[in-house]
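Engineer: Hey, can you work out the whole structure from these sequences and the hints?
So the protein lines, in turn, are chains C and X. When we follow my numbering, the leftmost residue of the first sequence carries the number 1, and every step to the right adds one. When we follow my numbering, the leftmost residue of the second sequence carries the number 1, and every step to the right adds one.
Treat the hints as calculated values from the structure; they're not laboratory data. Since the structure is predicted, the reported quantities are computational estimates derived from the model, not experimental observations. Any given hint could be a false lead.
Claimed, not checked - In the DSSO-like style, the derived pairs of lysine-lysine whose C-alpha atoms are separated by at most 30 Å in a straight line are:
{"#": "1", "chain 1": "C", "residue 1": "140", "chain 2": "X", "residue 2": "97"}
{"#": "2", "chain 1": "C", "residue 1": "95", "chain 2": "X", "residue 2": "72"}
{"#": "3", "chain 1": "C", "residue 1": "129", "chain 2": "X", "residue 2": "97"}
{"#": "4", "chain 1": "C", "residue 1": "95", "chain 2": "X", "residue 2": "97"}
{"#": "5", "chain 1": "X", "residue 1": "72", "chain 2": "C", "residue 2": "129"}
Said to hold, decoys possible - Just the calculated beta-carbon pair ranges, DEER-fashion:
{"#": "6", "chain 1": "X", "residue 1": "15", "chain 2": "C", "residue 2": "19", "range": "33 to 39 Å"}
{"#": "7", "chain 1": "X", "residue 1": "15", "chain 2": "C", "residue 2": "43", "range": "42 to 48 Å"}
{"#": "8", "chain 1": "C", "residue 1": "57", "chain 2": "X", "residue 2": "476", "range": "53 to 59 Å"}
{"#": "9", "chain 1": "C", "residue 1": "16", "chain 2": "X", "residue 2": "185", "range": "25 to 31 Å"}
{"#": "10", "chain 1": "C", "residue 1": "30", "chain 2": "X", "residue 2": "15", "range": "29 to 35 Å"}
{"#": "11", "chain 1": "C", "residue 1": "82", "chain 2": "X", "residue 2": "488", "range": "52 to 58 Å"}
{"#": "12", "chain 1": "X", "residue 1": "103", "chain 2": "C", "residue 2": "19", "range": "55 to 61 Å"}
{"#": "13", "chain 1": "C", "residue 1": "19", "chain 2": "X", "residue 2": "182", "range": "40 to 46 Å"}
{"#": "14", "chain 1": "C", "residue 1": "67", "chain 2": "X", "residue 2": "88", "range": "16 to 22 Å"}
{"#": "15", "chain 1": "X", "residue 1": "430", "chain 2": "C", "residue 2": "30", "range": "28 to 34 Å"}
{"#": "16", "chain 1": "C", "residue 1": "142", "chain 2": "X", "residue 2": "337", "range": "47 to 53 Å"}
Where a beta carbon is used, it is the ideal one built from N, C-alpha and C, also for glycine.
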Amino acid sequence: MAQVYTSSVIGAPAERVWAAIRDFNGLPDWHPGIVESRIEGGGPADQVGCVRAFRLQDGGVIRERLLALSDYDYSCSYAILESPMGVENYIATLKLTPVTDGARSFAEWSAAFDCAPEREAELVAMIGKDVFQGGFDSLKSRFGS
Amino acid sequence: MVAISRSTIIDAPIAAVWEILRDFNGHDRWHPAVDRSALEEGRKTDQIGSVRNFVLDGGERIRERLLSLSDKDRRLRYAIVESDVPLMNYVAEVALKPVTDGDRTFWSWTSKFETPEGRERELAQLVAEGVYDAGFEAVRARVERHQPALSAPTPSASGAAAIDGMAMVIERHGGPEELHPVAVSAPPPGPGELRLRHTAIGVNFIDIYSRSGAFDLLQPPGAPGMEAAGVVVDVGPGVRHLRPGQRVAYACPPVGAYASVRTMAAALVVALPDSIDDEMAAGGLLKGMSAEFLLHRVREIRKGETVLVYAPAGGVGRLLCQWATHLGATVIGATSSEEKARLARAAGARHVILPGTTSLEEQVRSLTQGRGADVIYDAVGRDSFAHSVAALAPCGHLVSFGQASGPVGSWDIGTLAASSATISRPNFAHYTDTPEKVAAITERLFDAIERRVITVEIGRRYPLSAAAEAHRALESRQTTASTILIPNENEEGIR
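Structural biologist: See the structure below:
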């Protein structure tokens, strides 16, 4: 099983950053790689079990199910149901932790998945850099670093 | 049950931070509150169940047991077994996580414990700030110092390099907790500028007003601070009154003194004579310059006059008492407690009045054969203004130079006719805005200090990184003498 872990520091209190990222249907608002998103069946985006279907800039479509959402832990976990990436059993968690000295947040984004062995290094690099760090860079430019 | 959670980002790889923290018995080498520590029964520092037996700087003994240690998760837990500090059922966790973005370290330090009833707040603050936050800063200073690549100076166009340092800044107006350390870099001085390394920085009440936003002195982000002493690193074109290596000090806007290095206008920076040490200058320049112009320029004090000074045990008040007495005035101090009354008398106040059954003006009149005070120095503001006007002698003068209790508000000047009174509302900036004015004021001030007409007392010294703690102490009125911040060499080069 492949593992990806990316972490960063966002220059705003956790509750402010969380307000931007807790919306499971809100990726296009803050992630540069994602152009549009909808919740299947039109239900609320904070209903655990809901499925978001979003389109990447290159046209690919990904469907993900919300597995866990915690306003208390500033944490969100989800699984990929369908994607063009060639990954299986993909589960990811995005989590914020307040940094008490200074109004900053420690942000972690991690994933575990299965894939073809020859593609593992490429996928780990792509997910860690383009997906996770790309999202963090966008949050840093919005909230400060 | 009290729960504490503190965290920080250390600008060093996680392995370097973990190497320090996993040594359970090594805290006496880095934590400023721990004097000495030893493992009991010859156990190893990374042996689960081992007990560290240590003594704090204040003499308290504490025994703590290592409950778990994981090199995989970079986490350890420990519990207090026995302690002179009343923390019961105390279990704490130290955990590190890598910040992959920048190869830094996230460090969290959490605990839960119980305290004797009524002491929750006090002990929570002790643990959170005295133990955890202080530990963060100590480890930060150790690991960030060991990274020479981080302090590599950036060359500038002129060939001179920027100097890296640290500053305590606020991102927004608010409480002491808004002050936090950031890496700064002092550029080479331009025309009319100089660059200096601070050796001591003064903490004044005006810094609290600029931090909170009560005074419009600091637009965040930025560092507060109005006065400091240091050594000139270099001077820009056109600066002739100072040279590199010279000991200097300043007390003037713009704010920004809470920094280890600074590039600023040279005009208002003065050279220090050998008789004035850096701490004395950093702790006394702003208050001393204030006392100088209040007594000599706003209204010159003459021999035989009666002068009323509010807050005579405070920073400026004590200097006013000493200096006015030396000038031949009879000083009356108005204060709130016997302890402060003693300090006022020690500073030269002939009489001290305390809140009593009769009003301040009646007490002043009974001490002056019904005449009143010729000059009154009042920085209390709202609560004292009416009493001050009523306590003036005929043709007396009220110097309203602060508003510690709130704005004075609007008054009918017709009431001044009762004693033909005059009032001034001096502003430090207008008396110190040219090099000539500053030179004249500091010349007389330094002379007064050298001849011990006035004395500058340094009370508490804090590391620059503990500026928030210094603000808390000042705001809670725990301090009597000047508070100063000392920049730590180790804090330079943080980025």
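Engineer: Give a verdict on every hint.
Structural biologist: Hints, verified against the model:
1. 140(C) to 97(X): The given pair, whose Cα atoms are some 19 Å apart, holds under the 30 Å limit.
2. 95(C) to 72(X): Roughly 20 Å between the alpha carbons, so the hint for residue 95(C) and residue 72(X) holds.
3. 129(C) to 97(X): 18 Å, holds
4. 95(C) to 97(X): Holds - the C-alpha atoms of residue 97(X) and residue 95(C) are around 13 Å apart, at most 30 Å.
5. 72(X) to 129(C): 24 Å, holds
6. 15(X) to 19(C): 33 to 39 Å: 34 Å, holds
7. 15(X) to 43(C): 42 to 48 Å: 46 Å, holds
8. 57(C) to 476(X): 53 to 59 Å: 55 Å, holds
9. 16(C) to 185(X): 25 to 31 Å: 28 Å, holds
10. 30(C) to 15(X): 29 to 35 Å: 32 Å Cβ-Cβ, so the 29 to 35 Å window holds.
11. 82(C) to 488(X): 52 to 58 Å: 55 Å, holds
12. 103(X) to 19(C): 55 to 61 Å: 29 Å, violated
13. 19(C) to 182(X): 40 to 46 Å: 25 Å, violated
14. 67(C) to 88(X): 16 to 22 Å: Given a distance of about 39 Å, which is not inside 16 to 22 Å, the answer is violated.
15. 430(X) to 30(C): 28 to 34 Å: Violated: the Cβ-Cβ distance is about 49 Å, outside 28 to 34 Å.
16. 142(C) to 337(X): 47 to 53 Å: Since the Cβ atoms of residue 142(C) and residue 337(X) sit about 52 Å apart, the hinted range of 47 to 53 Å holds.
Checked against the numbered hints above, the structure breaks hints 12, 13, 14 and 15 and satisfies the rest.
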